[in-house]
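Q: Here is what each chain is made of, one letter per residue.
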Amino acid sequence: MHSTLVRAQNVFGFFTTVCFVVAGLIALSDFSWERKPSSTVSVKDVQVVRGRPHYYSTKKEEYAHIRFNLNTDLSSLFTWNTKQVFVYVSATWPSNSTGPRDNEAVIWDTIITSPSADHLQNIGPAAMKKLVKSAKGKSIDPSRGKLNLKNQKAKYQITSPTGKLAETDDVVLKVHYNVQPWVGMLTWTPQVDFGGWKTMKGGVSKAFTLPALKKKKEEPKKATS
Amino acid sequence: MADQLIEKVRDAAEGQIDFEGQRFAERLATALLSIVGFISFAVGFFLQDIKLALFIGLGGAALTFLVVVPPWPVYNQKPVHWLQVPGSQSAGQGIIVDGKVIS
Amino acid sequence: MLSALQNPRQAAAQLLNFGLILSTAFMMWKGLSVISDSPSPIVVVLSGSMEPAFQRGDLLFLWNRNFMEETKVGEIVVYNVKGKDIPIVHRLVRKFGTGDEAKLLTKGDNNVADDTELYARGQDYIERKDIIGSVVGYIPFVGYVTILLSEHPWLKTVMLGIMGLVVVMQRE
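Residue numbers (my numbering), protein chains in the order written: chain A, 596 to 820; chain B, 4 to 106; chain C, 262 to 433.
Everything labelled a hint here was simulated from the structure, so no lab data went into it. Please note: incorrect hints may appear among the correct ones.
[Claimed, not checked] Calculated pairs, BS3-like style, for lysine-lysine (alpha carbon to alpha carbon, straight line, at most 30 Å):
1) B/K54 to A/K724
2) A/K745 to C/K333
3) C/K333 to A/K769
[As the list claims (entries may be wrong)] Only part of the chain C face toward chain B is listed, based on derived beta-carbon distances under 10 Å:
4) M424
5) V427
6) M430
By construction, the Cβ of each residue, glycine as well, lies at the ideal position given by its N, Cα and C atoms.
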């Protein structure tokens with residue numbers, strides 16, 4: 596500590612140590628809050644149509660377009676160390692009708708940021724202004740964890756590597772979340788209760804069957820009649 | 004001339020403090036940073052505000068740097084009194100190099 | 262500098278100390294690599310394709326073992342593509358089948374389209390073996406220095422200059 600340089604080095608060294616200790620404590624503080632998320636999801640409408648994966652492709656595949664209702668309460672996931680919660684709905688279905696559901700595809704997702712991470716969202720200036728205003732004066736905003744979607748259109752259509760999807764049996768929609776912290780462990784929907792962190796209540800739809808292929812030729816007829 | 008200039012710059016840059024001052028600075032840095040870390044976590048935890056915790060931590064660290072790093076007079080209150088070299092004519096800090104006294 | 266030459270014992274001690282620091286760092290890296298079963302257990306985020314979850318310069322800790330269950334949809338994985346040397350950090354959005362042969366599709370949270378375009382020519386899916394780990398831990402910003410140094414090489418010169426100045430200014 597005899598010269599300025601040595602003092603600067605020592606203070607900086609201890610500063611980094613303190614930083615890591617505090618960061619570790621912040622990461623551990625995640626466990627001090629209960630998590631008891633709940634959600635209900637149900638299928639509203641399903642269609643299977645034929646299409647091409649992209650404009651230049653000659654391959655024809657079957658796509659399932661799904662509309663669903665989602666009601667979810669994830670407000671207990673928002674603490675000071677929550678940067679964002681990634682909510683996603685996936686469809687799972689079996690490859691053959693007797694087997695387990697071994698295919699899974701995300702059909703819809705959304706990112707819910709904490710007010711502390713609002714400025715990082717990739718949205719237009721008007722939407723950003725609205726978002727920041729919605730949490731004015733709040734450091735966390737658990738009310739954002741409540742979603743109520745009616746007849747929501749899927750963002751991503753279901754496909755299959757085989758190109759066949761019509762009349763698939765035993766399809767199920769599931770709600771999942773991924774909590775992204777400011778520092779520490781990333782966490783996903785737990786499979787079993789873990790201390791105060793409970794599994795998702797509900798969050799699984801009834802099994803349903805994808806309908807038969809929709810005939811394109813019928814559409815103009817419908818329009819005229 | 005150039006040597007003297009470098010010496011002056013070295014003195015300014017080196018910022019020597021006395022032994023008591025070194026002990027004091029060391030303890031002060033440890034205490035200040037620990038307290039700042041604790042306050043930053045406690046305030047952030049109870050107000051549920053991670054940005055506030057970050058600003059308290061950074062502000063406190065900046066303050067600690069300001070208090071501890073420069074050679075403030077507080078750290079130089081007990082300068083070391085060297086014993087006189089026995090039999091030396093030139094009292095004080097004078098050193099004889101090549102027959103000339105350099106102060 | 263000169264004093265080190267005059268005192269070989271001190272020079273040797275310094276050299277050994279430096280070697281010790283390097284080898285400790287290397288051992289910790291390799292140890293973590295063995296524990297997590299990942300060739301690169303810690304990665305720095307280089308792109309903004311996972312924003313707002315990950316910014317450039319954030320540090321990610323990877324885990325590449327499947328204890329209880331398989332790598333599943335929703336996990337954020339780091340994978341390699343044939344013919345590209347930089348690994349990609351994206352989220353797993355589709356999985357067809359199970360086991361090593363499962364077909365996996367990834368997508369960046371901040372990207373509109375999935376990663377089919379990023380894969381090798383004619384490759385529509387990745388497999389489990391392309392993945393070098395799933396993201397389990399996160400520290401923000403700490404890796405930003407490496408990005409600064411690789412993107413602005415003149416910074417290295419500046420750092421060397423400052424170190425030289427410090428050496429000149431120090432008295433022996």
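Q: Quick one, are C/K333 and A/K769 close enough, alpha carbons at most 30 Å?
A: holds (13 Å)
Q: Double-check C/M424 for me: the hint is only fine if its C-beta lies closer than 10 Å to a C-beta in chain B.
A: Given a least distance of 14 Å, the restraint on C/M424 is violated.
Q: With a cut-off of 10 Å, does the beta carbon of C/M430 approach a beta carbon of chain B closely enough for the hint to hold?
A: Check passed: Cβ of C/M430 comes within 5 Å of chain B, closer than 10 Å.
Q: Holds or violated: is there a CB of chain B closer than 10 Å to the CB of C/V427?
A: holds (9 Å)
Q: Is the hinted pair A/K745 and C/K333 satisfied, with a Cα-Cα distance of at most 30 Å?
A: holds (27 Å)
Q: Taking only the CA atoms, is the gap from B/K54 to A/K724 under or equal to 30 Å?
A: holds (19 Å)
The structure shown violates just one earlier hint, number 4.
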